[in-house]
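Listed in order, the protein sequences are those of chains A, B, C and D.
By the count of my numbering, the first sequence reaches residue 378 at its end, each step adding exactly one.
By the count of my numbering, the second sequence reaches residue 378 at its end, each step adding exactly one.
By the count of my numbering, the third sequence reaches residue 395 at its end, each step adding exactly one.
By the count of my numbering, the fourth sequence reaches residue 395 at its end, each step adding exactly one.
What the hints contain is simulated information worked out from the structure, not anything from laboratory work.
Just so it is clear, the structure is predicted and the values come from calculations on it, not from any experiment.
Mixed in with the good hints, there may be bad ones.
[To be verified] To give an idea of the chain C side of the interface with chain B (calculated C-beta under 7 Å), a few residues:
id	residue
1	Met1
2	Met190
3	Leu286
4	Ile288
5	Ala302
6	Ala312
7	Ile316
[To be verified] Covered by chain B, according to a simulated footprint, are these stretches of chain D (three or more residues, beta-carbon under 8 Å):
id	stretch
8	128-135
9	196-204
10	222-231
11	334-341
12	373-384
Yeah, the Cβ is synthetic: ideal placement off N, Cα and C, and Gly gets one too.
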Amino acid sequence: MDFDFTEEQTLLRNMVQSFVQDNYDFDSRMKIVRSQTGMSRENWSQFAELGLLAAPFDESLGGLGGGAVDTMIITEEFGKGLVTEPFLPTVVLCGGLLERHGSDAQKDMHLPPLIGGEKIWALAYSEPKSRFNPANVQTTAKQDGDGFVLSGLKSVVNGGPWADYLIVSARTSGEGWQQDGISLFIVDKSADGVASQDYETIDGGRAADISFENVKLSAESLLGTLDAGLPLLEEALDYGIAAICGEAIGGMHKAHQATVEYCKTRNQFGVAIGSFQALQHRMVDMFMEYEQSVSLTYMVNMHVGGDAASRRRAASGAKVQIGKAGRYIGQSAVHLHGGMGMSEELNVGHYFKRLTAIDAQLGSIDYHLKRFGSSEAA
Amino acid sequence: MDFDFTEEQTLLRNMVQSFVQDNYDFDSRMKIVRSQTGMSRENWSQFAELGLLAAPFDESLGGLGGGAVDTMIITEEFGKGLVTEPFLPTVVLCGGLLERHGSDAQKDMHLPPLIGGEKIWALAYSEPKSRFNPANVQTTAKQDGDGFVLSGLKSVVNGGPWADYLIVSARTSGEGWQQDGISLFIVDKSADGVASQDYETIDGGRAADISFENVKLSAESLLGTLDAGLPLLEEALDYGIAAICGEAIGGMHKAHQATVEYCKTRNQFGVAIGSFQALQHRMVDMFMEYEQSVSLTYMVNMHVGGDAASRRRAASGAKVQIGKAGRYIGQSAVHLHGGMGMSEELNVGHYFKRLTAIDAQLGSIDYHLKRFGSSEAA
Amino acid sequence: MNFDFSPEENAFREEVRQFISDNYPKHLTESRRAEFTKEDFLSWHRVLAEKGWVAPHWPEEFGGPGWSVTQRYIFDDECAKANTLIVLPFGITMLGPVLMHYANDAQKAHYLPRILSGEDWWCQGYSEPGSGSDLASLKTKAERDGDDYVVNGHKIWTTLAQHADWMFCLVRTSQEDKPQKGISFLLIDMNSPGIEVRPIITIDGSHEVNEVFLTDVRVPAENLVGEEGNGWGIAKFLLGNERTGIAGVARSKNAVKRLKEISCAELVDGEPLIEDMDFKKKISELEIDLLALEYTELRTLAAESAGRGPGAESSILKIKGTEIQQKLTELIMEAVGTYSLPKIPMLDTGANYNLVGPDYSHGVSQNYFNMRKTAIYGGTNEVQRNIIAKFVLGL
Amino acid sequence: MNFDFSPEENAFREEVRQFISDNYPKHLTESRRAEFTKEDFLSWHRVLAEKGWVAPHWPEEFGGPGWSVTQRYIFDDECAKANTLIVLPFGITMLGPVLMHYANDAQKAHYLPRILSGEDWWCQGYSEPGSGSDLASLKTKAERDGDDYVVNGHKIWTTLAQHADWMFCLVRTSQEDKPQKGISFLLIDMNSPGIEVRPIITIDGSHEVNEVFLTDVRVPAENLVGEEGNGWGIAKFLLGNERTGIAGVARSKNAVKRLKEISCAELVDGEPLIEDMDFKKKISELEIDLLALEYTELRTLAAESAGRGPGAESSILKIKGTEIQQKLTELIMEAVGTYSLPKIPMLDTGANYNLVGPDYSHGVSQNYFNMRKTAIYGGTNEVQRNIIAKFVLGL
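Excised from the complex, chain A in its bound form (with noise of 0.2 Å):
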């Protein structure tokens, strides 16, 4: 057992780190969320330029190997900086999806550019009547030729409207919410068909909901095996969840940092409000939520690689404690700094937002507490 990072992980995290503190200070992000697009690109073509986007890949992928550890680390940064340029629905939702079934094909085709930062991904899985459950799947995928027609709506596609490509779960057969019949699809979002209606989301970042009208697709688009696309599509949401619990953990640290400092300094009845023992104790229960969210986070990054059942259920119970944890730490942090953390000026606020948009991203509690006790150990 070792739980210390090596020296090329922690340079990694100090590379990270100085890029998010010279680049990324609120000002500078809110500077982004504002505008029009919501992302920087000049960002993007730094994290390209610094390996961040070739940071998980295989060497022979042109990547540097670096797995799910160095993701953590990428994304308990991202987290700390609030950095809402589409790392996780790039690099690993579908990165991680070609690397592990793409075709070489596929993976020479669009690997290359995307880690060198010039094409952007979404994962396009869920959709209205889905709720969290990527088996629930209306899209339809019809034969047609060598190639397939596809039609359907998927919902709420993180990064959607900055995406290049997009991979879409579709049925090829079965219905409603059947395990088998899902295929996945690689989809050009500028193919005749697609449609994407593009928004902000509650924490600054962008979303879309892409609709797919008799949308042609080669043989060549097919991702993985015919009808066989679900447990890829739930494997690669588990990957997602080992990241995003990286971010969360980031976010928490910064808000539970934040609101210890003003709560040294605030005064009120002539004294630092930080003195009131009720607050100290609700600072010390946020320290303690946040410190077993960083154990399960560590304990996701080292099982998600694993088999199926250990996986489902690491990521399952790590997704549930930070949801829990975001929520609580979200929460008393803007309590705490009383009407302060309700100004949308003030950082503290925005790490809120974004810990509440992250408890409804890949699954929530509840669907999570359901799958963990559906999936006992292996």
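Keeping the supplied structure of chain A fixed, place chains B, C and D upon it in accordance with the hints.
Leaving out everything else, chains B, C and D in the frame of chain A:
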């Protein structure tokens, strides 16, 4: 709307208070609890003399016409004194069933000795596998000539060891947890084939597992209509809840009060521990839970006579509230007393244990949460 | 003990219900806006004012309807059931009773009718950047200069000050030893030179609160309410009134209804969310808590009508009421699921904004964010707990 | 980062597992008693002592096995999985390290082997009626008289003192200005004249703790550990050791297993309780909390083996560990349902007691009552929170 008690009710409360003060101090109570029988027949006779056993019944039956509210006043004061005598099973559960659904002959025969304190009753409805659901009845009563033959096992019958008579639920048709087919019978505990395994309960009370082996019952033993006993039983249990809520708020009041007093006088680090804000706020939360419990206790006692739907909702809602509040207040009272709270020699632990037992009697928090949820308001 | 309403009270309820149904401005029910304009608030205010119902707790001599405590409860309940806009509390609930109690006859005659009619829109100048829960530490100075006070200072969290004609304001008129002693209660015309109102946008994206900067603002000395230096007593009197109704039981019942409707519409793999035992249990727990609070409020009201003031116990209503409100917005957000993520613009930016997801999902997260304020304002819930610990438990 | 065990560590785990399976006293597994005798504890203690495993954290020079932090973790884990009796901490965990650190050579040579062998049963004389969390206020006096100290005082909550041969005791040897300064650490023979042990029966009906009255007890001055007046430093050193392992992760995992077994056996209208989504969710929440605590403990251990002391963060282990233990006993009691009501006698009264209900129901409520102590002892959870606030958060 009027939340005030009448002058008669105030006199009743004062009378019970005096009795508890004079006859039921901590030491006297512990002597009763630790005695072989676990109750005081002398106290029981005094209850009869004071009219307490007559309080809720209609005047035409020799009662004082006080109904649920008078019952609540009595149980609240009994709760403060941790009175262990079987007022709930005898007067509220069985007495109420006899009054509302007994034949004239049954009332004539049984109510006077009940009110007079000569006969004690217990309601035998729960079974080893029934898990709070009174419809889940395996005990059978088979037609046998004019009468019935009763067979089965009833579990944790509150007050069972002291009872002269039982009211027993049994299946006369149907199976499992079907609503129909349950009938109620009056059973003389000294009848052939009745065997009682008596024991102490965690709160210092007494209960029994009572088995019935081909117990012969006359046709006149049937209480209410054949096969239609469940609604009567449910109603009786809801009356029981209304009464036990009174007992619960009495116990909560004392546990909370004792804690506040202890924290005012217990010194640590040179000051009273009641000056620590974290402890203050916990005592405030206890107080709020207590007040919320009082509110729903009043509510259920005013609605228990209403239509079945609103009675059910009121009873289940109140039982959930006192269950939760009882846990929180009981646990907190012990905790804030520190080591002293763990000692059998202090009253606070006994309030804790009684509140714990109340939670498991007449349906748990979870059972009543579901019942509340499935009974939308009329 | 009797929780039933009398036939007269039931008839009164019917009358209120009918009146709202007939007279509530149609354009307000049709609107889907998350924020309402000054004119929106005033349109309903004026309907009530004309009927004589706009100030339920004012005595008849000042234009109140002369209702019993129970009638006031019924009126609030029916307004909430009908989901009407609220009557803003600053003039009616907060300042009105202060003026009746402390103002001179000229002030009463001038201001009270204008509050009733809605002619004057009031805001509250209490909080300052350095003084939140510790109100007595406020620094805004009012120095006497001839017939005027000259006011300099900086107020914050001033709700709806952007619409206000007047502000009732706590100011420091002397620097005596005890900070409570030098505080006075002043009425300030918001159109006075030297007043600047700057919006504060809150985390839900709405503009409800403001900073108010006062620079050499001249206020006629006749605008002083009560004695100079008596502001602290007035403030405490006013805060007592502010807590009334803060339990928000009837509004929370509406929210429960909305929560159930959403839970019926949302599906979990084909089954309505409300059939999910686990989610249903969360709703039931909240309903029971709310039911208890309703009866706690009724008990408080009953004590009040019997002439026994509720005292510090009313802090329970604030704490439990806001905890329930917060929990409700949280559960509604949960019920909505993924469509809680899109941000709905609160301010009318004129932009053509894309609305996605079902109608009931719009703004639920912003509402959740907004309601975080309830545990902070009107004395934080920690301060309320301190009050109960001290004045009820004697700790 | 790597959470996997090495092949050597896995082999060690197998060795421990096998040893327990072969050597754990049979009569202990067959017993259904809720309370264990002195001889029960000693029988397992002696088996471990003979193997050289009774004091995992002692250095080899004093008879420890020379294990790594990870090995100690594995050993604890396997003992818990096998549900063995614990090795009582008073001698091994608490006093042992104190003697190694503070005692003179004669004391080490005399006492340490007797702790290892189980020959001396130790109890801890810390708490007094007036001093719980505020240990420094203790009053038990030791006055020097020739070669002896004469001790007078009253200790309370002394665990298993009824079996003890010796007590390590905090006493006041001087009345200097700072209360911490006058405290010394004394070893007292429990057979000395003037010692009276009175049982305290706790709310679960068990006899674990005692009052110890000391009246003119003569204790040889050579029984002083360290310098006179240095007792406070020793006490703090010891309390640090006491918290180790207090998280109780492995034992709580056993309790989760028991909870699940009960939930499979209990039926809700024909369906196993564990299929009830709502109850299952409660189990899952607890399991996740416990899983997180397990990794928090592993992180603490890893930091420790890397030579970075855990410091005040270990208070987290105490708080979360006891909260989880308490919650587990509560859920087990809930799962059992109505049969949680019968009282099971903890003390062997010789009476022919009626046992009703399924085996798994016996004693669950008493266990719930008993576990309330965990948030109180070893420094209340409030004190632990104060420690984190001060030393970790700098508040």
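To see whether the hints hold, each was checked on the structure:
Evaluation of the Met1 (chain C) hint against chain B yields a held restraint, the C-beta minimum of about 6 Å falling below 7 Å. Given the 7 Å rule on beta carbons, the hint for Met190 (chain C) is violated: about 39 Å separates it from the nearest Cβ of chain B. Using the Cβ-Cβ criterion of 7 Å, the hint placing Leu286 (chain C) at the interface with chain B is not satisfied: the shortest such distance is roughly 11 Å. A cut of 7 Å between beta carbons decides the hint on Ile288 (chain C): the least distance to chain B is about 5 Å, and the hint holds.
Residue-level restraint check for Ala302 (chain C) holds (minimum Cβ-Cβ distance to chain B is 4 Å; threshold 7 Å). Residue-level restraint check for Ala312 (chain C) is violated (minimum Cβ-Cβ distance to chain B is 10 Å; threshold 7 Å). At a threshold of 7 Å, the smallest CB-CB gap from Ile316 (chain C) to chain B is about 5 Å, leaving the interface hint in force. Chain B is given as covering the stretch 128-135 of chain D, and this holds because 5 residues of the stretch bring a CB closer than 8 Å to a CB of that chain, at least three being needed.
Residue count for the stretch 196-204 of chain D with a Cβ under 8 Å from a Cβ of chain B: 4. That meets the three needed, and the coverage hint holds. Check result for the stretch 222-231 of chain D against chain B: violated, 0 residues qualifying (beta carbon to beta carbon below 8 Å, three or more required). Remark: the stretch 334-341 of chain D is confirmed as covered by chain B, as 6 of its residues place a Cβ nearer than 8 Å to a Cβ of that chain, reaching the required three. Taking a C-beta to C-beta cut-off of 8 Å, the stretch 373-384 of chain D contributes 6 residues in contact with chain B, enough for the three needed, and the coverage statement holds.
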